[in-house]
Amino acid sequence: MTLWFLARAAGFMALIGATAAVSLGAIASGSAPADRLRRRESRVLVQLAHRSAAVVTLALLALHAVLLILDAHVAITLPGALVAFTAGYRAWAVGLGTLAVYCFAVVALTGAVRGRLAGSPSAARWWRPVHALAYLAWPLAMAHGLFSGTDTGTWWAWLLYGGSTLAVVTAVWVRLTAEEAHVAGPLAARRQRHRQLAGRMS
Amino acid sequence: MRIEIDWTRCDGHGLCALLLAENIGSDADGFPVVHDPVVAPESLRHARRAASACPALALRLVRG
Amino acid sequence: MTTLHVPDAPTAYGSARLLAGATRGERADLAAHRTIHGAQQHRTQATLVEETAAVGLLGRGGAAFPVSTKLAGMPTGSGVEVVVNGSESEPASRKDRTLMTLVPHLVIDGALVVARALRTRRVTIAVHDTAAHDSLVHALEERRRREPHPERIAVRLQPARFVAGEVRAVLNGLDGRPAVPPGHRVLPTERGLRGAPTFASNVETFAQLALLVSLGARRYAEVGDPDEPGTTLLTLLGDVPAPGVAEVPTGLPLDALLPGESGPVLVGGYHGHWVADPRGLRVTRPYLREAGVPLNAGVIARLPASGCALAEVAAVSSWLAHQSAGQCGPCLFGTAAVARDVATLLHGRPAPDVTARLRGLVRRGACAHPDGTAAFVASALSTMTGELDAHVAHGSCGRPYLGVLPLDEGGRR
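Residue numbers (the working numbering), protein chains in the order written: chain A, 33 to 234; chain B, 1402 to 1465; chain C, 15 to 427.
In case anyone wonders, no lab produced these hints; they're calculated from the structure. Check before you lean on any hint, since a few could be wrong.
Restraint ranges, calculated between C-beta atoms of paired labels, are given here [stated by the list, open to error]:
#: 1; chain 1: A; residue 1: R70; chain 2: C; residue 2: E204; range: 40 to 48 Å
#: 2; chain 1: A; residue 1: Y167; chain 2: B; residue 2: P1438; range: 47 to 55 Å
#: 3; chain 1: C; residue 1: R208; chain 2: A; residue 2: V138; range: 53 to 61 Å
#: 4; chain 1: C; residue 1: A168; chain 2: A; residue 2: V201; range: 46 to 54 Å
Just so you have them, the derived chain B footprint on chain A, three or more residues with Cβ under 8 Å [as the list claims (entries may be wrong)]:
#: 5; region: 51 to 58
#: 6; region: 173 to 186
Each residue gets a CB set at the ideal place from its N, CA and C atoms; glycine is no exception.
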């Protein structure tokens, strides 16, 4: 039973980690142009925290999966964990978790090679949309927790889920507001206009 | 290694000037001012960190 | 037959070669062209590289890159593209549209020489001037009937903004992307039109190539400066004996074009440099580059002493600021700040930050626009010290703004 308790704990810790990583990521790059120079130091710290949270989350996710496979309380095998929706226990809900892990892995990989991608103009273009898979992975992870977790009924689980949602939603809202202020700036507005003109001039 | 800035991507976030002060300063609008494009071997770690931190992916390190 | 718009007659100092038969402002049709230049000839890539190297032919768009080097670096084959850049987007320059309008067949001959040497049939001519466009289309029609060629030549109308004339911007525009320079370094000879290796050069370069092939290297080099033999096209503006396009032998002293005393002289157009006294300078690209006043696309203007030189500089500075494509922050904000500073100086008030701002434009953009703007303004401020003093002392020099340096409506933005 120890493994089963540890596995659940790792799952919750991974959710907290993912929430931190996604929220910090959302606010790491969005900022109103006027604030930029003033907030440079804190932005570098946010980036560092974002990366650290992501690394810790990946480790916790791996731990969570390995413990559940080793544990005998629920019937999850290695193939069942790797192939989504084939687990012997709440197949559908566990499958969401598998998909979330894959998404997070892709997101982490793009994060790791980020600096090197700047060298290629096309890579620099696709980087952001791919990294934004995190916004898909996080709700998948939430749903996985809600539907497969055996603690879902408890007050503290609800508190964790509610708090995580609040954190991510707030961070995304902050990001979108900053982005709006940025797009209204002269540089972004001009770049945007070029993209729109592209189709018309030929 | 040498620093190259893609000015069409740079948004003037100013993080590169903070992380690679050996080579890069910034102007009043936050856009980088490259004092010296050549990265010294001892600054290479800072340079990589700066390239990785740029929110717009506008800073790159090229050979030469 | 359509009536074709014909520009003012160009002038030739010495004998006209590119503009042979066109100095009265008449368009040379195919028959007239063949009478003057003979039948279309061709060369292999190796021979063309040899001949262009022998006469030291330099690109005539502004960068003055050796044509032989560019040609030698090109692969050959049906996938290769040839692009004639006729997007003469500097309002002061008229030489390319004059060539395309008056001697379109010389330009086409040159494009076909390159296409045949590179063993490709893909030729694109990018223009933004409708008269030039019509003349080229008409010329191709003449050829289709009387002198068919296997190459497919497409004439494409392009936007007229200043930076849209830069070759990489032209290639982007032809490929359906925004006609702005890319932010990363690309060599058109490696990845150009449709991603294919592309030989792209200015209209005059192709006309010179046609002339070189028709005359042979020895006769081509009979006139002009030994460093850059042949002739070159200039656009002369302002207080000059014959304003407009002129064909001159290289090596010609600038005094020959600008006799007498007058106002400051602009060499190299709106990305060029002002000089107080042009005496001693001669029209040779390598020489002028060394002298720090590159010829660029060949615009030479002299302001009349009766007008306000600073007002001309302020008007062009403001135009240049509006021409920034707005892709690059230092250019978008920097050119605007510099234009405001020049306007401040025009009103006799101090602009203490102008030097720092000009420095902030140097090598901080995807193209040469910020650098060119900085060169134009910095050289103006260092040349026109007397003017500046007069404006500081009286708030004005008392002379009117004449609008000698032409500006278009600001381009499509």
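Structure-based check of all given hints:
| no. | hint | verdict |
| --- | --- | --- |
| 1 | A:R70 with C:E204: 40 to 48 Å | holds (42 Å) |
| 2 | A:Y167 with B:P1438: 47 to 55 Å | violated (36 Å) |
| 3 | C:R208 with A:V138: 53 to 61 Å | violated (32 Å) |
| 4 | C:A168 with A:V201: 46 to 54 Å | holds (53 Å) |
| 5 | 51 to 58 | violated (count 0) |
| 6 | 173 to 186 | violated (count 0) |
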